[in-house]
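Chains as they are written, first to last, in the working numbering: chain V, 22 to 282; chain G, 10 to 290.
Please note that the accuracy of each hint is not assured.
Derived DEER-like restraints, expressed as beta-carbon distance ranges [to be verified]:
| # | chain 1 | residue 1 | chain 2 | residue 2 | range |
| --- | --- | --- | --- | --- | --- |
| 1 | V | 83 | G | 248 | 27 to 33 Å |
| 2 | G | 274 | V | 104 | 24 to 30 Å |
| 3 | G | 25 | V | 111 | 36 to 42 Å |
Here are the computed lysine to any residue pairs in the SDA-like style, where the Cα-Cα straight-line distance is at most 25 Å [to be verified]:
| # | chain 1 | residue 1 | chain 2 | residue 2 |
| --- | --- | --- | --- | --- |
| 4 | V | 40 | G | 65 |
| 5 | V | 40 | G | 64 |
| 6 | V | 89 | G | 148 |
| 7 | V | 40 | G | 29 |
| 8 | V | 165 | G | 57 |
| 9 | G | 35 | V | 102 |
| 10 | V | 165 | G | 214 |
| 11 | G | 35 | V | 170 |
| 12 | G | 35 | V | 80 |
| 13 | G | 35 | V | 59 |
| 14 | V | 165 | G | 29 |
| 15 | G | 35 | V | 83 |
| 16 | V | 165 | G | 58 |
| 17 | V | 89 | V | 41 |
| 18 | G | 35 | V | 165 |
| 19 | V | 165 | G | 65 |
| 20 | G | 35 | V | 98 |
| 21 | V | 40 | G | 60 |
| 22 | V | 89 | G | 145 |
| 23 | V | 165 | G | 251 |
| 24 | V | 40 | V | 59 |
| 25 | V | 89 | V | 133 |
| 26 | V | 165 | G | 145 |
| 27 | V | 40 | G | 24 |
| 28 | V | 165 | G | 60 |
| 29 | V | 40 | G | 28 |
| 30 | V | 165 | G | 26 |
Hints were generated in silico from the structure; no laboratory data involved.
Even for Gly, the Cβ is constructed at its ideal location relative to N, Cα and C.
Residue strings, one per chain:
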Amino acid sequence: MTAPQEWLCEARGLSFGWKAGDILLEDINLTVAPGAFLIITGESGRGKSTLLRLLAGLERPWGDPLEKVFFFGEDIWEVRPERLRQLRRQTGFVFQNSALLSNMTITQNIAVPLRYHTTLSDREIADRCRFWIDRLLLTGHEDKRPALLSLGMQRRAAVARAMAMEPRLLFMDEPLSGLDARNVETMLSLIANLRALQDVAIVMVSHDLQPANLLGGLVSLLLDHHLRPPRTLTDLLRSEDPRERDLIRSQAGFKESRNES
Amino acid sequence: MSQLPARILERIGEAVADSLFGRIAKLWLRTSTCMFKGPHATSRQVWDILVQQVHFTGVEAAPIAMGLALLLGGVTIVEAATVMPRFGSGDYLGAVMVLVVLRELSPLFVAFLIAGRSGSALASFLGTMKVGQEIDALETMGIDPVRFLVFPALLGCTIATLCLSLLFSTVAILGGYLVAALLASVFPQFLALQLPFFVFLEKMASALTAADLAILVLKPMVFGALVALIACYHGLSLGISPHEVPQGTRRAVVQCLVAIVVIDGIFAALFVVPQLASMVP
Numbered sequence: 022m023t024a025p026q027e028w029l030c031e032a033r034g035l036s037f038g039w040k041a042g043d044i045l046l047e048d049i050n051l052t053v054a055p056g057a058f059l060i061i062t063g064e065s066g067r068g069k070s071t072l073l074r075l076l077a078g079l080e081r082p083w084g085d086p087l088e089k090v091f092f093f094g095e096d097i098w099e100v101r102p103e104r105l106r107q108l109r110r111q112t113g114f115v116f117q118n119s120a121l122l123s124n125m126t127i128t129q130n131i132a133v134p135l136r137y138h139t140t141l142s143d144r145e146i147a148d149r150c151r152f153w154i155d156r157l158l159l160t161g162h163e164d165k166r167p168a169l170l171s172l173g174m175q176r177r178a179a180v181a182r183a184m185a186m187e188p189r190l191l192f193m194d195e196p197l198s199g200l201d202a203r204n205v206e207t208m209l210s211l212i213a214n215l216r217a218l219q220d221v222a223i224v225m226v227s228h229d230l231q232p233a234n235l236l237g238g239l240v241s242l243l244l245d246h247h248l249r250p251p252r253t254l255t256d257l258l259r260s261e262d263p264r265e266r267d268l269i270r271s272q273a274g275f276k277e278s279r280n281e282s
Numbered sequence: 010m011s012q013l014p015a016r017i018l019e020r021i022g023e024a025v026a027d028s029l030f031g032r033i034a035k036l037w038l039r040t041s042t043c044m045f046k047g048p049h050a051t052s053r054q055v056w057d058i059l060v061q062q063v064h065f066t067g068v069e070a071a072p073i074a075m076g077l078a079l080l081l082g083g084v085t086i087v088e089a090a091t092v093m094p095r096f097g098s099g100d101y102l103g104a105v106m107v108l109v110v111l112r113e114l115s116p117l118f119v120a121f122l123i124a125g126r127s128g129s130a131l132a133s134f135l136g137t138m139k140v141g142q143e144i145d146a147l148e149t150m151g152i153d154p155v156r157f158l159v160f161p162a163l164l165g166c167t168i169a170t171l172c173l174s175l176l177f178s179t180v181a182i183l184g185g186y187l188v189a190a191l192l193a194s195v196f197p198q199f200l201a202l203q204l205p206f207f208v209f210l211e212k213m214a215s216a217l218t219a220a221d222l223a224i225l226v227l228k229p230m231v232f233g234a235l236v237a238l239i240a241c242y243h244g245l246s247l248g249i250s251p252h253e254v255p256q257g258t259r260r261a262v263v264q265c266l267v268a269i270v271v272i273d274g275i276f277a278a279l280f281v282v283p284q285l286a287s288m289v290p
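Based on the sequences and whatever the hints tell you, model everything.
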């Protein structure tokens, strides 16, 4: 089964629970167009990160044949594992804990997908790593191992690694959590740059609405195990459902005056 | 009714596939085939990890292996030289060295050393990667963790264990002879120890059969591969909680030790029992 090619990622009817009979997510439908910026938000522990893992193919849905995830029009659970890995070369994933390879330096981490997938020379790989190290403000830290870096630097290094293969679609799991105000500002400006220069579509899970406040894009709410259709913050604030309005107002980083003005 | 035997066989097959043995065998099959798949047959990244694995398992373990070999060779030859003349068989010193050191003790000691050192390190390394979502990160980059981590570990461990075992055997024989020569100079009454080096080597060479040579090469390779597979399996099958890492490591080391002894028994059954049978008049 294939999906229309214009969607970078599409989910159809996904349901998931960690145990039999336990429903965390139900009938999730989602599409991501090229260049889109989608923020999935909701209360803690309601399955936002799990949804991102489902979309990235790290978890399998319950197994109903109608549950589908497509990357670039191809069903990721029907293609062969080698094909799925080829498709994943066009996607990136930034984990909440960064998940950098702890036995490698930052440069080596960024070089991993390049050395594995491409035939670029060592010089070209070093240049590409240098480009991302500079762009992600990691200059001077390139030869350090992840454990020696601050949380903000680790997160930026994870973005650099995810962007090294120049993906068309980037998944980000709570990229702002645990960061101080200055690091949040830095990360947001870097995300804005990525969108402007690389034209990468971003699906971000965040309980913090600052990205939506500052960078625009659409917000999808995860409520009662279901994902509500994506809308602008302004539309969500005018929603007829009071729970949607309350949820938006309760999220960190929300600035009502700015959005209602 | 006619389908009953097929169903029973199917159930048995499923049970074997789901068993620990079946799961490790599946990992071995996946690892063996993955080198022919993927973007490049010899990805530079995989090659780097292979070299690191050989260095860690082989080169870094060489000093302790050589120390053990020296002691073991010395003890074996002294024990043999003091016990065997009592049975009137002092001439069999070379055969004893071949049988005891080359066939049994050398591969076993090296395998135990690799299991304790590299097996535990591999299991805890991969377990920590699994718990820290580093394995998931590899998947999201389109990198096959089996090809990226298990394949170089398996190949590296196999190569390193073979090299280490050959080094161990050489040092054990030389060490044994040196200890014998030293003791012979101190205690001249031990006639069995008073052997010229070339006579000692000649006795060993005459006792060495093709089967011994095959065991000398095959056993360490099988042991090395087995340790890597069991350690990788336990590392990669952990969940998401850090407390599982030491538990997985312990399971890996214990199962490696048990598997080594079992495989050693299988080798004995394959190589030694037929020889014994041929001696029966």
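Structure-based check of each hint:
Distance hint check for residue 83 of chain V and residue 248 of chain G: the Cβ-Cβ separation is about 20 Å, which falls outside the suggested range of 27 to 33 Å. A C-beta distance of roughly 44 Å is found between residue 274 of chain G and residue 104 of chain V, which places it outside the suggested range of 24 to 30 Å. Checking the proposed 36 to 42 Å range against residue 25 of chain G and residue 111 of chain V shows it holds: the Cβ atoms sit about 39 Å from each other. Between the alpha carbons of residue 40 of chain V and residue 65 of chain G the distance comes to roughly 41 Å, so the proposed pair goes past 25 Å and is violated.
Pair hint residue 40 of chain V plus residue 64 of chain G does not hold up; C-alpha atoms about 43 Å apart against a cutoff of 25 Å. Our distance criterion of 25 Å between C-alpha atoms is met by residue 89 of chain V and residue 148 of chain G, whose separation comes to about 19 Å. Between residue 40 of chain V and residue 29 of chain G the alpha-carbon distance is near 23 Å, which keeps this suggested pair within the 25 Å criterion. The straight-line distance between the Cα atoms of residue 165 of chain V and residue 57 of chain G is roughly 19 Å, inside the 25 Å bound, and the hint therefore holds.
For the hint linking residue 35 of chain G to residue 102 of chain V, the alpha-carbon distance of about 16 Å falls within 25 Å, and the restraint holds. Using a Cα cut-off of 25 Å, the hinted pair residue 165 of chain V and residue 214 of chain G is violated, with the two alpha carbons roughly 53 Å apart. Of the supplied pair hints, the one linking residue 35 of chain G and residue 170 of chain V is violated, its CA atoms being roughly 39 Å apart against a limit of 25 Å. Simply put, residue 35 of chain G and residue 80 of chain V have alpha-carbon atoms about 21 Å apart, close enough for the 25 Å limit, and the pair holds.
As the CA atoms of residue 35 of chain G and residue 59 of chain V are separated by approximately 40 Å, the hinted pair breaks the 25 Å bound. Straight-line distance between C-alpha atoms of residue 165 of chain V and residue 29 of chain G comes to about 39 Å, which puts the hinted pair past the 25 Å bound. About 24 Å separates the Cα atoms of residue 35 of chain G and residue 83 of chain V, which keeps this hinted pair within 25 Å; it holds. Straight-line distance between C-alpha atoms of residue 165 of chain V and residue 58 of chain G comes to about 19 Å, which keeps the hinted pair within the 25 Å bound.
Between residue 89 of chain V and residue 41 of chain V, the direct Cα distance comes to roughly 20 Å. Compliance with the 25 Å bound is thereby established for this hinted pair. The straight-line distance between the Cα atoms of residue 35 of chain G and residue 165 of chain V is roughly 37 Å, outside the 25 Å bound, and the hint therefore fails. For the hint linking residue 165 of chain V to residue 65 of chain G, the alpha-carbon distance of about 22 Å falls within 25 Å, and the restraint holds. The straight-line distance between the Cα atoms of residue 35 of chain G and residue 98 of chain V is roughly 20 Å, inside the 25 Å bound, and the hint therefore holds.
Distance hint between residue 40 of chain V and residue 60 of chain G is unfulfilled; the C-alpha atoms sit about 42 Å from each other, more than 25 Å. Proximity of residue 89 of chain V to residue 145 of chain G is assessed by CA-CA distance (about 20 Å); at most 25 Å being required, the pair is judged to hold. Using a Cα cut-off of 25 Å, the hinted pair residue 165 of chain V and residue 251 of chain G holds, with the two alpha carbons roughly 24 Å apart. A C-alpha spacing of about 29 Å is found between residue 40 of chain V and residue 59 of chain V, which places the hinted pair above 25 Å, so the restraint is violated.
About 30 Å separates the Cα atoms of residue 89 of chain V and residue 133 of chain V, which puts this hinted pair outside 25 Å; it is violated. Proposed proximity of residue 165 of chain V and residue 145 of chain G is supported: the alpha carbons are some 22 Å apart, at most 25 Å. With a CA separation close to 23 Å, the supplied pair residue 40 of chain V and residue 24 of chain G stays within the 25 Å bound. Between residue 165 of chain V and residue 60 of chain G, the direct Cα distance comes to roughly 22 Å. Compliance with the 25 Å bound is thereby established for this hinted pair.
Restraint check for residue 40 of chain V and residue 28 of chain G: satisfied, since their Cα atoms lie roughly 22 Å apart, inside the 25 Å limit. Taking the CA atoms of residue 165 of chain V and residue 26 of chain G, the gap is about 43 Å. The hint is violated against a cut of 25 Å.
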